[in-house]
Amino acid sequence: MSDDFSPADALAAVQAQRDKLAEQAAAPRGYHLILALTAGVLIASPFWNSFWVVAVVYVAFFLILWGLMTWYKRSKGMWINGLDHRPARRYSVTAGAIGGGGFAASLAAEWALHLHGASLVLAVIAVPTMTWLGFRWDAAYEQELRESA
Amino acid sequence: MTVTPAFDPVIHAPLRLQICALLAPVTAMEFATLRGHLDVSESVLSKHLKTLEDAGHIRIRKATSNSRVRTSASMTPEGKSAYDAHVAELRRIVGS
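Protein chains in written order, with the working numbering: chain R, 1 to 149; chain L, 1 to 96.
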């Protein structure tokens, strides 16, 4: 590689690397669905009206999150924090709010308001919404990389 | 956020600029992945990573997993700022 690197060549080289990254950054197949299903199970867990069921699912949720993170790192050889400040962040923050808010709402609905079955309804809404947000995140990140350095 | 254009001679070297271009949009990238993208030898990549690390632009971490050492690199906040400023300077020069 030449040391004589004009600014135009330099910008072209930067964009070429960003384009290559854009081709590879999307989550592995099934990643978003597994993440959303895991959150869905957590949101649905108060349905069984048992502290221990919720506690076990809660711990399992974080173990599966760790597993998903490891899967992404191993398959892609990199990690991208979805919450880093960038345009795609709005999708990850919304997904996080749906997961966390859904779980809190489910606990309140089942255990405080005694609306039996509300947690299942919340989970059924959360899973496809979170899956869709995951794909939107991938698309927004790819667009960000391709737009300009 | 406004970036003040500033030329960085450490970043401007062709391979180092491309390393920064790959590291800036990610949290961390493994050595092997970087090497795959850049198509250079281990020794060449190591040398340039060390230069960037010495300048405080990147951080290199080694983690052992299944008795394998995995080396990864990430940009420091200062390195990210310097890279953004350098790219802004290139664009200013080119006039885009």
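It should be emphasised that the hints constitute simulated quantities derived from the structure, not laboratory data. None of the values given here were measured: they were computed from a predicted structure. No residue lacks a Cβ here, since even glycine has one placed at the ideal position from N, Cα and C. Careful: at least some of the hints might be erroneous.
[Unchecked claim] Subject to a maximum C-alpha distance of 30 Å in a straight line, what follows is the list of computed DSBU-like cross-link-like pairs (lysine-lysine):
1) L:LYS50 x L:LYS62
2) R:LYS73 x L:LYS80
3) L:LYS62 x L:LYS80
4) L:LYS62 x L:LYS47
5) R:LYS20 x L:LYS47
6) L:LYS50 x R:LYS20
7) L:LYS62 x R:LYS73
8) L:LYS62 x R:LYS76
9) R:LYS73 x L:LYS47
10) R:LYS20 x R:LYS73
11) L:LYS80 x L:LYS47
12) L:LYS47 x R:LYS76
13) R:LYS73 x L:LYS50
14) L:LYS80 x R:LYS20
15) L:LYS50 x R:LYS76
16) R:LYS20 x R:LYS76
17) L:LYS50 x L:LYS80
18) L:LYS62 x R:LYS20
19) L:LYS80 x R:LYS76
[Claimed, not checked] Pair by pair, the computed Cβ-Cβ distance ranges are:
20) L:VAL3 x R:ALA55: 43 to 51 Å
21) R:GLY100 x L:ARG92: 24 to 32 Å
22) L:PRO14 x R:GLU144: 34 to 42 Å
23) R:ALA104 x L:ILE60: 35 to 43 Å
24) R:GLY96 x L:VAL3: 36 to 44 Å
Do the hints match the structure? See the list:
1. L:LYS50 x L:LYS62: holds (14 Å)
2. R:LYS73 x L:LYS80: holds (21 Å)
3. L:LYS62 x L:LYS80: Holds - the C-alpha atoms of L:LYS80 and L:LYS62 are around 21 Å apart, at most 30 Å.
4. L:LYS62 x L:LYS47: At roughly 16 Å apart (the allowed maximum being 30 Å), L:LYS47 and L:LYS62 satisfy the hint.
5. R:LYS20 x L:LYS47: Status holds; Cα separation ~23 Å.
6. L:LYS50 x R:LYS20: holds (24 Å)
7. L:LYS62 x R:LYS73: holds (14 Å)
8. L:LYS62 x R:LYS76: Measuring from Cα to Cα gives roughly 17 Å; hence the hint holds.
9. R:LYS73 x L:LYS47: The given pair, whose Cα atoms are some 24 Å apart, holds under the 30 Å limit.
10. R:LYS20 x R:LYS73: holds (17 Å)
11. L:LYS80 x L:LYS47: holds (20 Å)
12. L:LYS47 x R:LYS76: At roughly 23 Å apart (the allowed maximum being 30 Å), R:LYS76 and L:LYS47 satisfy the hint.
13. R:LYS73 x L:LYS50: holds (23 Å)
14. L:LYS80 x R:LYS20: holds (20 Å)
15. L:LYS50 x R:LYS76: holds (23 Å)
16. R:LYS20 x R:LYS76: holds (12 Å)
17. L:LYS50 x L:LYS80: Roughly 16 Å between the alpha carbons, so the hint for L:LYS50 and L:LYS80 holds.
18. L:LYS62 x R:LYS20: Roughly 25 Å between the alpha carbons, so the hint for L:LYS62 and R:LYS20 holds.
19. L:LYS80 x R:LYS76: Holds, because 22 Å separates the two Cα atoms, which is no more than 30 Å.
20. L:VAL3 x R:ALA55: 43 to 51 Å: Cβ of L:VAL3 to Cβ of R:ALA55: about 47 Å, so the range 43 to 51 Å holds.
21. R:GLY100 x L:ARG92: 24 to 32 Å: violated (43 Å)
22. L:PRO14 x R:GLU144: 34 to 42 Å: With Cβ atoms ~24 Å apart, the hint is violated.
23. R:ALA104 x L:ILE60: 35 to 43 Å: With a Cβ separation near 40 Å, R:ALA104 and L:ILE60 satisfy 35 to 43 Å, so the hint holds.
24. R:GLY96 x L:VAL3: 36 to 44 Å: Taking Cβ atoms as reference, R:GLY96 and L:VAL3 lie about 28 Å apart, which means the hint is violated.
In the structure shown, a violation is registered for the earlier hints numbered 21, 22, 24, in ascending order.
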